[in-house]
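Undergrad: Residue strings, one per chain:
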Amino acid sequence: MSGGSKGGATVKARAEIALNDEFLRKAVRFTTERLRNGKKKASDEQGNWEQWRERGRAIRLHTIAHLDYYLNLFVDNARANGVHIHFAATAAEAVEISLDIARRCGARSVVKSKSMVSEELHLNQALEGIGVEAIESDLGEYIIQLAGEMPSHIVIPAIHKNRYQIAELLSREAGYELPPDTTALAGFVRKKLREKFLEADIGMTGCNFAIAETGSMVLFENEGNARMVSTIPRTQITLMGMERIIPSWSDLEVMATLLPRSATGQKLTMYMSGITGPRRSADADGPDEMHMIIVDNGRSLQLGDPEFQELLNCIRCGACLNACPVYRHIGGHSYGSTYSGPIGAVLTPSLNANVAEWDDIANASTLCGACYEACPVKIPLHDMLVYLRRRKVEDGHGSKLEGLGMGGFAAIMGSSRRLGGMLRLGKTGQRLLLRDGFIKSRLGPLKGWNAYRVTPALPKQSFRDRWPTLEQELRAGLQEMDASVSERLERRLQERTRKDSHGTDSADNSQLNRVRDKQWEGGGGHE
Amino acid sequence: MNESHEEWLARLEKRSHDRQKAFIGGIANRLGHGPMTEAPLNPHRGAPDFWTALEWNTEEKVKRFTDNFLSVGGHVERLASFSDASAFIVDKAKEMDVKIVLRQDEPALNELELEKALPEAEIAVWNSDRDKAWKTEAAGADFGIVQADHAVAYTGSAVVLSSSGKGRSVSLLPTVLFILIPVGRLVTRLGEVLETFDQAGKENLPAGIHFISGPSRSSDIENDLTIGVHGPGIVYALLIG
Ligand code: SF4
Numbered sequence: 001m002s003g004g005s006k007g008g009a010t011v012k013a014r015a016e017i018a019l020n021d022e023f024l025r026k027a028v029r030f031t032t033e034r035l036r037n038g039k040k041k042a043s044d045e046q047g048n049w050e051q052w053r054e055r056g057r058a059i060r061l062h063t064i065a066h067l068d069y070y071l072n073l074f075v076d077n078a079r080a081n082g083v084h085i086h087f088a089a090t091a092a093e094a095v096e097i098s099l100d101i102a103r104r105c106g107a108r109s110v111v112k113s114k115s116m117v118s119e120e121l122h123l124n125q126a127l128e129g130i131g132v133e134a135i136e137s138d139l140g141e142y143i144i145q146l147a148g149e150m151p152s153h154i155v156i157p158a159i160h161k162n163r164y165q166i167a168e169l170l171s172r173e174a175g176y177e178l179p180p181d182t183t184a185l186a187g188f189v190r191k192k193l194r195e196k197f198l199e200a201d202i203g204m205t206g207c208n209f210a211i212a213e214t215g216s217m218v219l220f221e222n223e224g225n226a227r228m229v230s231t232i233p234r235t236q237i238t239l240m241g242m243e244r245i246i247p248s249w250s251d252l253e254v255m256a257t258l259l260p261r262s263a264t265g266q267k268l269t270m271y272m273s274g275i276t277g278p279r280r281s282a283d284a285d286g287p288d289e290m291h292m293i294i295v296d297n298g299r300s301l302q303l304g305d306p307e308f309q310e311l312l313n314c315i316r317c318g319a320c321l322n323a324c325p326v327y328r329h330i331g332g333h334s335y336g337s338t339y340s341g342p343i344g345a346v347l348t349p350s351l352n353a354n355v356a357e358w359d360d361i362a363n364a365s366t367l368c369g370a371c372y373e374a375c376p377v378k379i380p381l382h383d384m385l386v387y388l389r390r391r392k393v394e395d396g397h398g399s400k401l402e403g404l405g406m407g408g409f410a411a412i413m414g415s416s417r418r419l420g421g422m423l424r425l426g427k428t429g430q431r432l433l434l435r436d437g438f439i440k441s442r443l444g445p446l447k448g449w450n451a452y453r454v455t456p457a458l459p460k461q462s463f464r465d466r467w468p469t470l471e472q473e474l475r476a477g478l479q480e481m482d483a484s485v486s487e488r489l490e491r492r493l494q495e496r497t498r499k500d501s502h503g504t505d506s507a508d509n510s511q512l513n514r515v516r517d518k519q520w521e522g523g524g525g526h527e
Numbered sequence: 528m529n530e531s532h533e534e535w536l537a538r539l540e541k542r543s544h545d546r547q548k549a550f551i552g553g554i555a556n557r558l559g560h561g562p563m564t565e566a567p568l569n570p571h572r573g574a575p576d577f578w579t580a581l582e583w584n585t586e587e588k589v590k591r592f593t594d595n596f597l598s599v600g601g602h603v604e605r606l607a608s609f610s611d612a613s614a615f616i617v618d619k620a621k622e623m624d625v626k627i628v629l630r631q632d633e634p635a636l637n638e639l640e641l642e643k644a645l646p647e648a649e650i651a652v653w654n655s656d657r658d659k660a661w662k663t664e665a666a667g668a669d670f671g672i673v674q675a676d677h678a679v680a681y682t683g684s685a686v687v688l689s690s691s692g693k694g695r696s697v698s699l700l701p702t703v704l705f706i707l708i709p710v711g712r713l714v715t716r717l718g719e720v721l722e723t724f725d726q727a728g729k730e731n732l733p734a735g736i737h738f739i740s741g742p743s744r745s746s747d748i749e750n751d752l753t754i755g756v757h758g759p760g761i762v763y764a765l766l767i768g
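Protein chains in written order, with our numbering: chain A, 1 to 527; chain B, 528 to 768.
Since the hints were made in silico from the structure, they are not lab data. Any given hint might turn out to be false.
[What the hints assert, rightly or not] Below, simulated DSBU-like cross-link-like pairs (lysine-lysine); rule was C-alpha separation at most 30 Å, straight line:
1) A:K41 to B:K590
2) A:K41 to B:K588
3) B:K590 to B:K621
4) A:K192 to B:K659
Kindly generate the complete structure, drawing on both the sequences and the hints.
TA: Printed below as a string of structure tokens:
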């Protein structure tokens with residue numbers, strides 16, 4: 001059992017394990033393909049997708065630029081609704097508060113619905129540590145919890161397991177043999193978890209959005225387990241990242257338009273629930289007591305950081321994972337952390353304030369920009385990956401080889417004239433990448449940080465067998481990719497220094513720019 | 528430790544207030560501004576204008592709702608009146624040999640007169656007896672019957688709001704769910720319903736607001752669609768009028 005640990009191995013080593021697993025590779029590719037096509041269909045059908053993205057981005061930018069105001073508003077309103085609010089600066093504090101509540105309730109079991117924050121905190125282990133059973137109730141999460149593993153995809157956590165493996169796991173739990181049949185397996189879980197919901201002392205949920213003006217929380221789901229968890233047990237605990245806020249219910253229309261379409265291609269998830277406080281005294285269901293733990297755990301490090309603040313706009317839809325050629329090839333476990341794919345590659349080092357330890361994740365990215373194109377709130381993830389590499393070298397954490405690599409890279413980035421000279425190939429990499437279903441990746445200037453740039457559309461031979469030839473083949477195209485990345489970076493840099501110049505989000509942009517200027521004056525934007 | 532539950536809560540409450548200043552002050556600091564007391568100017572509230580202009584006529588709304596609800600594996604019937612709805616439910620109850628029916632406590636649902644039409648079944652009315660374990664009752668029910676407070680054509684969603692007579696469990700725990708939707712409550716866009724919550728303000732919001740767009744589902748096992756994994760697997764939307 002891997003027990004959820006990241007095991008100390010590098011992404012490269014973990015990728016090799018993942019790459020050897022034929023089923024994982026097929027499953028990830030199939031699933032991400034399905035989700036990606038679903039998203040494309042749903043966003044085309046919705047129409048004006050670019051305008052929706054722009055509005056989504058504007059709402060998130062505005063809220064984060066005034067997060068102190070909106071968070072205060074939310075907290076005051078939620079308290080007035082009867083919610084007990086707690087603040088946790090670190091994961092350890094959030095765990096401590098949760099355990100305090102569990103002890104106080106004399107809890108024997110906690111039923112949970114999917115929560116990325118809870119994963120961040122490794123809360124299940126902590127609860128088990130004080131003798132409280134923690135039960136994941138999302139079908140996929142339940143399965144991987146039985147297997148003692150970590151989720152491999154934000155939206156579909158058990159995508160790496162086939163139904164025979166699942167039947168084996170569930171049969172062990174049932175004490176009798178279950179057939180490898182999806183309906184039978186799900187039927188067993190339904191029955192088993194029904195008992196758990198009704199027995200549990202505490203229900204624990206995450207939070208997709210929190211509505212500042214009314215102090216409500218909103219959950220999106222398809223199975224109904226988040227509703228169970230927030231309706232049946234006497235005590236509810238909600239874990240919320242401090243950036244989950246939106247101002248109003250009206251803004252929720254935009255998020256509800258973007259999130260399900262981007263995540264699964266649905267018009268809306270089967271359930272969308274808005275919960276405002278514990279049960280009213282005359283109600284016969286809903287929790288008697290409701291706690292919300294507002295978690296920082298490294299998020300504020302991104303605030304005021306000109307290069308990374310927009311990470312807080314993320315609505316955790318997973319679209320960037322499905323779009324990412326590397327993720328589709330090696331699958332989620334290779335990232336070895338709670339958040340995988342492009343968002344994980346940037347978020348993990350950022351949350352940990354530790355560029356050195358996590359930078360190898362950023363290496364596993366192609367910088368192709370597909371993640372940005374997919375993102376419903378237009379977070380420039382691929383730019384952030386470049387910043388991350390630069391910071392690693394600046395901080396002196398890079399290996400000699402990588403340092404050299406970055407030197408070459410910085411030189412290319414640093415001079416647009418030299419860049420122009422290198423721009424020989426006509427087509428831009430980006431367009432090439434997104435057309436004809438094939439994702440082709442190109443090598444960067446030096447080997448050190450491009451060792452995992454792979455193409456998922458490889459023919460029968462395995463990635464590792466093909467690697468030496470592949471490297472040769474791809475090396476030729478390197479200038480082209482770097483040019484497209486450079487152009488994008490240049491363009492964004494210009495956008496960022498041109499204050500208040502363009503219409504839609506100028507107020508929030510100028511605020512961000514002021515912050516950026518301040519940071520730059522202070523010489524370096526991160527701690 | 529002789530601290531009572533109330534004392535414990537009060538202690539946590541105090542600590543929370545104490546920490547709020549530092550926690551949120553830290554955010555303001557990093558954002559580079561002082562404490563904000565006034566609401567910031569927000570030019571981008573809600574959906575874009577081109578969208579809020581969209582409005583369908585009744586037949587279009589009924590058609591879109593129906594198409595959406597069917598496409599996710601739900602069932603839809605258009606019926607002329609509540610008594611037709613009653614006949615439909617009674618029919619299904621007999622067909623499926625139903626033992627326990629649980630319904631919300633609402634005048635429109637009283638008028639279905641299911642007690643009379645289904646003498647063999649137990650017809651329970653949510654929260655009609657203060658001492659009963661209603662959540663367990665709901666978990667054992669074959670049919671759950673609710674009336675939608677709103678419905679949205681664009682997403683194919685019914686919206687149910689909780690109150691003392693309207694349990695959250697009734698639309699969640701039974702095996703089969705019937706949602707009665709008077710056609711007059713059907714709007715075009717999600718935003719038309721969401722706006723009403725902004726207008727109501729927090730004092731007037733129920734504890735639970737649930738948008739239901741079809742049967743409970745999961746694709747977590749090999750991407751194979753499974754219906755009814757936790758919530759009702761069979762959901763009927765009965766459009767009335
Ligand atoms: S970064 Fe964008 S695409 Fe990726 S999970 Fe966040 S919101 Fe979705």
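Undergrad: Each hint needs a verdict: does it hold in this structure or not?
TA: Structure-based check of all given hints:
1. A:K41 to B:K590: Within the cut-off at roughly 21 Å; holds.
2. A:K41 to B:K588: 22 Å, holds
3. B:K590 to B:K621: With Cα atoms ~29 Å apart, B:K590 and B:K621 stay inside 30 Å; holds.
4. A:K192 to B:K659: Holds: A:K192 and B:K659 sit about 24 Å apart, inside 30 Å.
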